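Given the structure of chain W, go ahead and fit chain U onto it with the hints provided.
So the protein lines, in turn, are chains W and U.
Offset between the first sequence (1-based) and the numbering used here: plus 2.
Offset between the second sequence (1-based) and the numbering used here: plus 3.
Treat the hints as calculated values from the structure; they're not laboratory data.
Each statement offered as a hint is correct.
Below, a sample of chain U positions facing chain W; criterion: calculated Cβ distance under 7 Å:
#, residue
1, Ser19
2, Tyr20
3, Gly21
4, Ala24
5, Ser89
6, Tyr93
7, Pro94
8, Gly97
9, Tyr98
10, Val99
11, Gln100
12, Pro101
Owing to the predicted nature of the structure, the values given are computational and were not obtained by experimental measurement.
The beta-carbon is built from N, C-alpha and C at its ideal position, and this holds for glycine as well.
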Amino acid sequence: MTPRAQEIAQLDRMIHEPARLTIMLILDGVSEADFLYLQREGGFTQGNLSGHLAKLEEAGYVQIEKKFKGKVPLTVCRLTSEGQAAFSGYSRRMVDILNSNGAAG
Amino acid sequence: MSERDLKNDSAKQTTSYGQRAASYWSVDGLPEILRGLAFVILFAVPCLWRIYAPTHWPRAGSLISFTGLFLYFFGAERVVLDFLKSRITYPRTGYVQPPERDWFGSRTPVPLSLRPSQPYFLSTFSPSPTVSENATSFWPGNVRPLLGFSVLCLAGRELLGHWLVPLAMPALAVTLYVVNRNSEIPYSWWWALILALTGLPFLWVNVPAALPGGLPFLLAGGWLVGQGVYTLVNYLRMNPYPVAAEGAHA
Chain W
3 MTPRAQEIAQ
13 LDRMIHEPAR
23 LTIMLILDGV
33 SEADFLYLQR
43 EGGFTQGNLS
53 GHLAKLEEAG
63 YVQIEKKFKG
73 KVPLTVCRLT
83 SEGQAAFSGY
93 SRRMVDILNS
103 NGAAG
Chain U
4 MSERDLKNDS
14 AKQTTSYGQR
24 AASYWSVDGL
34 PEILRGLAFV
44 ILFAVPCLWR
54 IYAPTHWPRA
64 GSLISFTGLF
74 LYFFGAERVV
84 LDFLKSRITY
94 PRTGYVQPPE
104 RDWFGSRTPV
114 PLSLRPSQPY
124 FLSTFSPSPT
134 VSENATSFWP
144 GNVRPLLGFS
154 VLCLAGRELL
164 GHWLVPLAMP
174 ALAVTLYVVN
184 RNSEIPYSWW
194 WALILALTGL
204 PFLWVNVPAA
214 LPGGLPFLLA
224 GGWLVGQGVY
234 TLVNYLRMNP
244 YPVAAEGAHA
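In isolation and in its complexed conformation, chain W is listed as follows (with noise of 0.2 Å):
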């Protein structure tokens, strides 16, 4: 195995899925979302969501509370600080095996 075959190999695989991955970029880039902002911003489908966000909150990235606003019930979500230490891992080894294969021509 070629060293950036064990690197592509190395890739965090609970984030590299592509629907996880979209649900990982969109709560990096707030502060929390709820299941129906998620599901519209990502284009999912309920179940679909629902299996996705259930598998990152057992990983420890994803953190799920049952809140109010006002007196709509919510769904929020938020990325815990494992799954930000594991989302901005997973990010710069994707730009490092990426980049190098850019600069390997």
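Coordinates of chain U only, in the frame set by chain W:
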């Protein structure tokens, strides 16, 4: 929102999710309505004070309105907005809390970001300002030019006389258009034109003595309210109240 609208939205997605969250804060027009009302009050209180209490502390009206607005901008506005949005916006299109304000630098925590970092307080004056990721960039993009112009108007009212308002409004319109052209809520040229033209009638209309050089406040405040109402009506038309409430997911 229909699938078609979602696609249209994503077609316009040239900015980061943080920037989109910031622009989402203004998607319903409520911040502009509230800010516009605040400016109308800022103008109206001193005028009413001059009319009804001319002999007692003539500056007290200005003092009251500035103090009230200070408290409003730095505290109450967010509470009022949250109250209104929790009834109008969040049930329709969701809730998001954009990144926290950083007065002295833009937020670039993700290495994937290729956007150059620029001190936030300089971005307004840059020939090509970076788009702020901040919900409260309405402050520098909108309130700062208005406040700056109000000071100029107060200073120049003796010199310019009845030309003050007709000259100030086009200048203010151009400034707001230019300052906000790369913001998350750029003004369309025709909205800027409306603001510019609001000063024109005052070439022929005599401004009463009770109306000080702060008349542009009233016009700009009214303009903000008008634009906010227009945005709100469009938003409500495009996003009807959902039949099933959100909340039981995830």
